Amino acid sequence: MTDSKYFTTTKKGEIFELKAELNSDKKEKKKEAVKKVIASMTVGKDVSALFPDVVNCMQTDNLELKKLVYLYLMNYAKSQPDMAIMAVNTFVKDCEDPNPLIRALAVRTMGCIRVDKITEYLCEPLRKCLKDEDPYVRKTAAVCVAKLHDINAQLVEDQGFLDTLKDLISDSNPMVVANAVAALSEIAESHPSSNLLDLNPQSINKLLTALNECTEWGQIFILDCLANYMPKDDREAQSICERVTPRLSHANSAVVLSAVKVLMKFMEMLSKDLDYYGTLLKKLAPPLVTLLSAEPELQYVALRNINLIVQKRPEILKHEMKVFFVKYNDPIYVKLEKLDIMIRLASQANIAQVLAELKEYATEVDVDFVRKAVRAIGRCAIKVEQSAERCVSTLLDLIQTKVNYVVQEAIVVIKDIFRKYPNKYESVIATLCENLDSLDEPEARAAMIWIVGEYAERIDNADELLESFLEGFHDESTQVQLQLLTAIVKLFLKKPTETQELVQQVLSLATQDSDNPDLRDRGYIYWRLLSTDPVAAKEVVLAEKPLISEETDLIEPTLLDELICYIGTLASVYHKPPSAFVEGSRGVVHKSLPPRTGSSESAESPEAAPTGAPPSEQPAVIPAQGDLLGDLLNLDLGPPVSGPPMTTASVQMGAVDLLGGGLDSLMGDESEGPRGDVSGSPAMGGTNFAAPPAGTMPATLSAPIGGGLGDLFDLTSGVGTLSGSYVAPKAVWLPAMKAKGLEISGTFTRQVGSISMDLLLTNKALQVMSDFAIQFNRNSFGLAPAAPLQVHAPLSPNQTVEISLPLNTVGSVMKMDPLNNLQVAVKNNIDVFYFSTLYPLHILFVEDGKMERQMFLATWKDIPNENEAQFQIKDCPLNAEAVSSKLQGSNIFTIAKRNVEGQDMLYQSLKLTNGIWVLAELRIQPGNPNFTLSLKCRAPEVSQHVYQAYETVLKN
Amino acid sequence: MIGGLFIYNHKGEVLISRVYRDDIGRNAVDAFRVNVIHARQQVRSPVTNIARTSFFHVKRSNIWLAAVTKQNVNAAMVFEFLYKMCDVMAAYFGKISEENIKNNFVLIYELLDEILDFGYPQNSETGALKTFITQQGIKSQHTKEEQSQITSQVTGQIGWRREGIKYRRNELFLDVLESVNLLMSPQGQVLSAHVSGRVVMKSYLSGMPECKFGMNDKIVIEKQGKGTADETGKSGKQSIAIDDCTFHQCVRLSKFDSERSISFIPPDGEFELMRYRTTKDIILPFRVIPLVREVGRTKLEVKVVIKSNFKPSLLAQKIEVRIPTPLNTSGVQVICMKGKAKYKASENAIVWKIKRMAGMKESQISAEIELLPTNDKKKWARPPISMNFEVPFAPSGLKVRYLKVFEPKLNYSDHDVIKWVRYIGRSGIYETRC
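Chains G and A, in that order, give the protein sequences.
Per full-length UniProt numbering, the first sequence starts with residue 1, numbered consecutively.
Per full-length UniProt numbering, the second sequence starts with residue 1, numbered consecutively.
It should be emphasised that the hints constitute simulated quantities derived from the structure, not laboratory data.
Source: prediction; values computed, not measured.
Note that CB positions come from ideal geometry on N, CA and C, so glycine has one too.
Among the hints, a few may not be true.
In the SDA-like style, the derived pairs of lysine to any residue whose C-alpha atoms are separated by at most 20 Å in a straight line are [what the hints assert, rightly or not]:
id, chain 1, residue 1, chain 2, residue 2
1, G, K327, G, Y276
2, G, K402, A, E294
3, G, K576, A, V47
Example chain A residues on the side facing chain G (calculated, C-beta under 7 Å, incomplete) [as the list claims (entries may be wrong)]:
id, residue
4, S45
5, T48
6, I50
7, F79
8, L111
9, Y120
10, T155
11, C434
Derived coverage of chain A by chain G (criterion: at least 3 residues anywhere in the stretch with Cβ under 8 Å from a Cβ of chain G; other residues may be distant) [stated by the list, open to error]:
id, region
12, 3-16
13, 22-29
14, 67-77
15, 98-109
16, 269-278
17, 399-408
With the sequences and hints as input, model every part of the structure.
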């Protein structure tokens, strides 16, 4: 009798029948019924209605029946939490069973039932099982801790399971060790900052010993864990490498790849002069090649990883070109990957062989593969200069085949070859022109047109050729239209006499008949250039082009280094960091290679910082609030706005400043507007020009307050004072992983009396986002959005939108801790997300914050001395004048300046939006970069934040 | 880690569905069916990402096995696990087919519960699994000793072998199975050639025998021959350079790394002891010399000569030469000196079969291919001529030198073990371009 019959019952009313059978007295019938239930469950039928009846079958000594019931429970417990409690007793009882297989089964299953009420009962049995005498139970319990942590992390910590798990790393049984390592690694991933795994030379030694003894899977867990360790010096790195290299001969490819990961990572720490370094390099090649004789799916994973490895260390596989030759029967995904690696390994030594192969591939059947092969020939030409000529002739041979897509692809790559070796292979143009009619793909057409335009002077009938394209101008794709426009202008500049008509035709087509703004703009630019200054036009249009480089398709080095840390994993298959495809906080810890040792190579990976040591700008975690936002806020957020000071060039001069400021502000990195005392009045006009129209330029012209007063108060050039309120660079407030793909970064600005929150919304999810709305929690200064969040169009994946949200200060007030904390809720069509951020206090300094002199004196005396707070501003290399003009830009006004015993005393005032006055005395000693700031205010709690605002403004 | 594992039939119906992680929902089952099984084009990658969920799949006949995850898992491990899963299933019920899977679905669920815990692969050696999971249902009536024996085997250092095995006759079989791969240019130049070999051992040995395997590995021979110079010269010829080798998990890798000696306690029955690859001094058993001539636009003349290149006393078997023909072939006339040749229109090839052929011989086939005139501009791709054969020697030159067995606790010695060694060389991808 077979089990397949259970799949065939489809008649109505079967639930009732099953119910009856489940309650039957006969054991066999019961078992049959449970099997039927499981079969229905598998094909997706809802059999949750049978829950009580199935659970009733649980109390049995028949292990097979028990396992089936457990399977059912794992599936449906979540939908029937109250009923699931009924099962608890049996579980607890089973955890005491004399048979270790049953104890393990019970604890394993219990961990899979994700019902809160059950987890409470799980703790005691789990604690016992973690210390069970039988290793089989212990190894199961170790994984169960990870399960429980996934359901209720707090519970696991409170119950001290983490410590027990750590103890299991020293267990005598290698499989228990391996599972404990796997569980700890997983838990540690969700707590990147905690030092859970606590890897040190002793524990590493234990792991390396267990490595020799445990199953293939256990070896993978241990190697993956080892890869996260940072050896303290090169000797330790070497000794670990020595103990890991035997794994390269394991039959399991995953063990091999994980070992390769450890070696590639620790190799960074070894000096290249070391003999061992060379030995290691040699040892790595054979196992990598062997991976290519595995099953095709594994070959694919291996090839994707080899692609990274040859980019990082090309020397490892430089002699192994032949193994990457494509076999006729390879699956297409293996073929395409092999081709990629062949190009990376191509060098002068092997180019002849490679070209012969590529030519062979270009005659294959699969269109994508053929195209890639043709493209590869072009890349070889660009990469290996000596081979260029041979490549070109190979391409010409391929063009002769007249296979449509081969010809088109060949023309595209020949264009690239021209751009790398100008004026060398023009002889082939004639052949190319013969194939003009067969080109139907935009990329190929555009490439051909570019060639004709670029070499117009050598092609007798260039005008005819281009004219032929012009007939169907409006049906062409934008790419072709743009290229055609440029090519005809080039032609005109080269042969002005015969082609005047043609150029006029194309310009009018582009500017008058086209709806495409890019095309129109380019058309107008050419038109004006040609009409105002043909000589300049010639210089612009026919300028020498930069040569294209060979390495355009390489992975960017920082990403490459990160991916090397992920060898063997999905990240290395996708060539994307895990954060790009993993949801939530798991596995998104940024990994980096160890810093390179040896002075000669220090430049190779300057960005690599030791893992674990958080970057210095890491913000302090914002303290959790007692309200409903608390939990959400307890995650670390991006740097708060008042955070890291931007380093900018000390004092920039006139023109440079104009551009620098304008550009910087466009990129959201602006530090400060041009400094009035340096650039003077011409800068004002210039600033206006450079400022983008949207008003993102922070440098606003805050009118100086009565130029005459300047003299009175000893200010040297109050007239020219021109400065803007400091705007911090945009910081990530809400990382995409915490908001289902929505990333929000932003900053606060104050311009001419109005505060706004500049936001950058990025959609990193796969679906379109819409229906955005924003709300602030009550806060200390009543900040509130003055207008709804306007996102005009739905945000499609990978799109970013910049929004300036005007704020007012008439919202409801509640004192926050810290004072400048702002809790924000953002809603979109997916969900509501919460984050909190600190705003810099200077956005609240109002423009009429200048106090009368007499008033200042009176208020200063009036405020009790207890309210005075003193601060040190360190390392500020500015002089008194620069300081006061800088501060004035942020509405901190200097009322008087006095020189007392060689020290400059600045008396300043400012007013907050809620009317609180703050008075300040700033003591500056010439030559001493440390200032002393005394603040007096009736609400002393703001002093601290005012001081921070001073720091921020002065140092940026 | 692995979040779920699904098995589908060719229609995309789920046969087995086991979810290990909360982040994988029922919709994942459908997503894979819609996007991969029912996809219009050919599968372009064994890893597919659909809405932030990654699917790994392998196919066995018309059955799809898919592992699903939302995390950054070890991709190589997932595939290794899927292959292992297939091996385990095959060891329990033979061929992986829809029928067999449906017939054994309870067993499969049980296995999945055992070998994958929370998505982490656990001991998956069939030898160990079979001690407590059987097709007849679970052996629940174990004695206490048996129980602890099972658990210590499943978790122990020697998870692949149980204690207390007894045979009246201690016997072992060693098969050296090689597949020789070749890619040759039409001019007879070797573009690439390598041998991938496997040493498969079938052992029927009592107790916990300690085995040591020796072969003519160049590094070992040179190490040993250091004392006597002339011996090095002599044995240098017979030894082979192994590019790389991998071992079954029973082999002590650290010992191989330090001393290059292969020592292990074997699983009972059949297993693959090692895999290796060589590229130097390969004996290519056959040479294929193609000659293709296009006569006008409607006719092709093909002449192919094969030469055997090994000792005349040895016999090659199951020889098959496959000569591809263009798609627009209308008729073929073949004449061959030996064996049988047929034009198979459905496979677009002439298949020439020879049952046996001794070494140092030569044979020839000539064919005239009539073509239909076409307006298809695309040239015929001329796929390579491929060959299949089996020869009774190892093309890499590998020789087994010894396999010593020690079992100190039982009273049988190395001499009492009956040992058999066999060499089989097969064609892998053996192609000559024409």
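- [ ] Would you settle whether the hint for S45(A) is holds or violated, based on the nearest Cβ-Cβ distance to chain G being less than 7 Å?
- [x] 5 Å, holds
Open item on the list: Given the hinted pair K576(G) and V47(A), is their Cα-Cα distance within 20 Å?
Closed with: 14 Å, holds
TODO: Verify the coverage statement for the region 269-278 of chain A against chain G, using a C-beta to C-beta distance below 8 Å and requiring 3 or more qualifying residues.
DONE: As far as the region 269-278 of chain A goes, the hint holds, because 4 residues have Cβ atoms under 8 Å from chain G.
TODO: Mind taking a look at whether chain G covers the region 399-408 of chain A? Criterion is 3 or more residues with CB to CB distance under 8 Å.
DONE: violated (count 0)
Open item on the list: If you count the residues of the region 3-16 of chain A with a beta-carbon closer than 8 Å to a beta-carbon of chain G, do you get 3 or more?
Closed with: Per the Cβ count (4), the hint holds.
Task: Evaluation of the interface hint that places L111(A) against chain G, nearest CB under 7 Å - done: For L111(A), the interface hint is violated, since the closest Cβ of chain G sits about 11 Å away, which is over 7 Å.
- [ ] Return the status of the interface hint for Y120(A): holds when the least beta-carbon distance to chain G is below 7 Å, violated otherwise.
- [x] 5 Å, holds
Open item on the list: Tell me if the interface restraint on C434(A) is satisfied: Cβ within less than 7 Å of some Cβ in chain G.
Closed with: 12 Å, violated
- [ ] Test coverage of the region 67-77 of chain A by chain G using CB-CB distances below 8 Å; three residues minimum.
- [x] Since 9 is at least three, the answer is holds.
TODO: Closer than 8 Å, Cβ to Cβ, for at least three residues: run that test on the region 98-109 of chain A against chain G and report holds or violated.
DONE: holds (count 7)
Open item on the list: Given a cut of 7 Å on the nearest C-beta pair, is the interface hint for T48(A) held or broken against chain G?
Closed with: Result: violated, 11 Å to nearest chain G Cβ.
TODO: Double-check I50(A) for me: the hint is only fine if its C-beta lies closer than 7 Å to a C-beta in chain G.
DONE: 9 Å, violated
Comparing the model with each earlier hint shows violations of hints 1, 5, 6, 8, 11 and 17; every other hint is respected.
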